[in-house]
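Protein chains: 2
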Amino acid sequence: MSKETESKFSRQELDGRVEPDKVSEWYNRIIKEAGLVDQGPARGTIVLRPYGFALWKQVQKVLGLAIEGSGVQDVYFPAIIPEELLTREKEHMEGFVPQFFRVHDKNRVIGVLRPTSEAVMYPLFKKWVQSHRDLPLKVNQWCNVFRDELRPYAFMRTLEFLWQEGHCVYASAKENEEGVMNFLKMYESFFNNTLALAPILGKKSEKEKFPGAIYTTTGEALLPGGKALQVCTSHNLGTNFSQTYEIQFLGRDGKQQYPYQTSWGLSWRVIGAMLITHGDKKGLILPPEMAPVQIVIIPIKGTSDEEVIRRAKSIKDTLSDLGLRVEIDQTEERPGARYYYHEFRGVPLRIEIGARDIQNNQVITANRLTSEKSPLPLANIKEGVQNILTSIQKSLLEKARNFTQENTHDVESWEEFKKLINSKQPGFLRTYHCGERACEQQIQNETKATLRCIPFGYEKSEGVCIKCGKPSGYEQKLLFAKAY
Amino acid sequence: MSKETESKFSRQELDGRVEPDKVSEWYNRIIKEAGLVDQGPARGTIVLRPYGFALWKQVQKVLGLAIEGSGVQDVYFPAIIPEELLTREKEHMEGFVPQFFRVHDKNRVIGVLRPTSEAVMYPLFKKWVQSHRDLPLKVNQWCNVFRDELRPYAFMRTLEFLWQEGHCVYASAKENEEGVMNFLKMYESFFNNTLALAPILGKKSEKEKFPGAIYTTTGEALLPGGKALQVCTSHNLGTNFSQTYEIQFLGRDGKQQYPYQTSWGLSWRVIGAMLITHGDKKGLILPPEMAPVQIVIIPIKGTSDEEVIRRAKSIKDTLSDLGLRVEIDQTEERPGARYYYHEFRGVPLRIEIGARDIQNNQVITANRLTSEKSPLPLANIKEGVQNILTSIQKSLLEKARNFTQENTHDVESWEEFKKLINSKQPGFLRTYHCGERACEQQIQNETKATLRCIPFGYEKSEGVCIKCGKPSGYEQKLLFAKAY
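So the protein lines, in turn, are chains D and C.
The numbering used here puts the first residue of the first sequence at 1, with every later residue one more than the last.
The numbering used here puts the first residue of the second sequence at 1, with every later residue one more than the last.
This is chain D alone, in the form it adopts within the complex (with noise of 0.2 Å):
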């Protein structure tokens, strides 16, 4: 285990934690049960309830403006892409034909439905690139992409499933590049402000790599259970698919040249891992920044029934004036079990206020997360409420952190590697390796266990690869882990 923080959380993730092997059964009852997703007909495919869809609009809501700020402008392209257009870069081709899904109309096979969207944008870009003065040329689609999947999964992994893929083309291979880590740090300030995710960022190896890129970055977020998700990319594909789909422009030098280009993506598959990050055996905690409702206040009735609800209304309208989603629970049935079906489904705040409450101009807050109880001046209520949820958000962020930390092993010879990759929380196993693809995929065929990313920022190390034993390719340490 990394001793390099000691989280102050350890003592409340014993209680509350779901056990690493009990994750996984935990996530698929409780999205269920708090009325998230349920199964879609077809194999492999889930359908959004409200609750759950509410979340993908606050990602869409919340992403969607970082994205307009950095000068891309949504739009939308087909669905269906006929399927000499998708084979036409060889690579990329061989990366998705296993996962392609024909459409057929009456008579005959009309196309592809899309994977991604590369093949069926680029031939577009063809006509609108004819110009430096064109560049560059900053577009992202919301929509919905298909891919087979043998192990289907909630949010994870499903046949549909809905994001966002951002395409660039830039005149030069330096603005190219920086646009490739730019929408990177964009993401990951999506993750740490807004989901309270801590992804590790970093470049896939070759083996890993979007097929046709020239190399792929990511997010990897290790999860409770120990295995690494693969939260969001962003690839530099140079002038390999402007090649391909004969994009050209004449440069200000009046020379044709092939524009560099990016394409970046986030995935509802963001939503499962802030779900199963947060959770905890009472259910889920949903991050305020993202929660449909921050707020729930629960009327406690008493022998002033009408000035409780009023006061409750008041208070919702002072919390809503804040921008605060906040709701009222008027039903009937006893506090308890209001208490328990708001804090199943994640409400970071819960306000109780009842008749004494009143006479002691207070409400009473309770934290999803701490469990805390304790009262509040109504004189307080505004900057009361927000410095809780503010610290709700923090400290999530920072429990996430901790565990990514703590779960990160430094593995010094194939026994241990093995050893912890078998463990009840493998987490991220730090090493070496050659480089290697061959090299790479003995490691994933004997363990599962695959590269999950070559990280920023790591100091430059040399050593041996934890497998062959030949030197170290990459100058650092990187990180395999078991995937979700």
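Because the hints were derived from the structure by calculation, they are not lab data.
Note that this is a predicted model, so its numbers are computed, not measured.
Warning: the hint list may mix true and false statements.
Pairs involving identical chains hold if they fit within one copy or between any two copies, as the list cannot separate such chains.
[As the list claims (entries may be wrong)] Straight-line C-alpha distance at most 25 Å; calculated BS3-like pairs for lysine-lysine:
1. Lys-126 <-> Lys-32
2. Lys-32 <-> Lys-138
3. Lys-424 <-> Lys-22
4. Lys-207 <-> Lys-106
5. Lys-127 <-> Lys-32
6. Lys-138 <-> Lys-61
7. Lys-57 <-> Lys-138
8. Lys-106 <-> Lys-90
9. Lys-174 <-> Lys-394
10. Lys-209 <-> Lys-106
Given chain D, work out where chain C should sit, using these hints.
Chain C only, in chain D's frame:
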């Protein structure tokens, strides 16, 4: 021509309006040249470029708020539907089978691409609806749907299109009927207030109703060229689908019963209707409520460039603070070229500012609809600009309404019917019909005209069928037209 209303726009229309027989050509050219759409690589598909997609985003934003305000929650259901679900409702199947696309994985057919989502949603509704306490269930989704089309036409008819589809389940027939009409009225407000369109609301005939519905209500817009387009629908499904998909609930009376259902939808087709209705020979005219850019500011360079730019930016800030969408065009082109460009793209209001205007503490406004140019004192800029935008929005609706009225013709004989329907701009033919499907089909076979709707709000009247002479089957007149 109907004499009910004399249009005050007649002169202008004759000046700027595209000739009836040139409308299609004009439309096909302008949507490409204005950078709204491009042809997709697969048959019958289109690409929405940033300026075109911005229009759909605005539809989603404005209509989305109205949908949310009706207590409807957004969800997402899979695009792939097992075929046996889609063919379970017999009439529904017969309506859609010819337009199916089948999806194949490597080995077999895994389903059909949704032409609409009743068949994939209702098996889940069966799970979710158990008791009267689960009702009403009101959900909506924004998604892509797929229907084969013999004559694709940008926005109007494409193999894949974007839409929203709402689906509600109610305990009683009465609530359900109210739901059908409320959502139709929600659409009407959206057409009138946002798109500046004035579709005629009414019921579809048995022949033209949604496959499987008890009845279908519709909005029928009359477009330049005198053809009609169905721009929205709201269906009363009664218990037809709940019986087929075995949705049952335990009523207050303790008995199991079938709930009543509605579905209602509006697609990107409304963008086509809006563009074709308002444009003129100079290009697009976008209603201010829809325009991605409502105001373009053109700094006219003079002796005091910097001051002009500074002033333009300050005006932009002032207007942006009002929530208006403003752009400054600082390109190097001569003013005339910039005027032409933004006029062509339909920007409702242009503001010109030069050195002399600064001296006079004014700007020059140019109204895209009336072509009027006039000075506006800087002191009145907020009010002045808002007045112009409001008047354009209002005038466009009035024009659309007048066009519909002027092109609605009462016809008394089959000869007159045939003559009008074959004229350059046929319009709505208002007459009686016997109500028999075979006769309706006969009219369609002979003239290509279809029964667009039995309008709401027409007075009761009796007459004989325009085609066969039998007594009227509807107790009122109704509208025939050629379809777009």
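Going through the hints against the structure:
no.: 1; hint: Lys-126 <-> Lys-32; result: between (45 Å within a copy, 16 Å between copies)
no.: 2; hint: Lys-32 <-> Lys-138; result: between (38 Å within a copy, 19 Å between copies)
no.: 3; hint: Lys-424 <-> Lys-22; result: within (10 Å within a copy, 72 Å between copies)
no.: 4; hint: Lys-207 <-> Lys-106; result: between (39 Å within a copy, 24 Å between copies)
no.: 5; hint: Lys-127 <-> Lys-32; result: between (46 Å within a copy, 12 Å between copies)
no.: 6; hint: Lys-138 <-> Lys-61; result: both (19 Å within a copy, 22 Å between copies)
no.: 7; hint: Lys-57 <-> Lys-138; result: both (22 Å within a copy, 17 Å between copies)
no.: 8; hint: Lys-106 <-> Lys-90; result: between (30 Å within a copy, 19 Å between copies)
no.: 9; hint: Lys-174 <-> Lys-394; result: neither (35 Å within a copy, 50 Å between copies)
no.: 10; hint: Lys-209 <-> Lys-106; result: between (37 Å within a copy, 24 Å between copies)
Comparing the model with each numbered hint stated earlier shows that hint 9 is the single one that does not hold.
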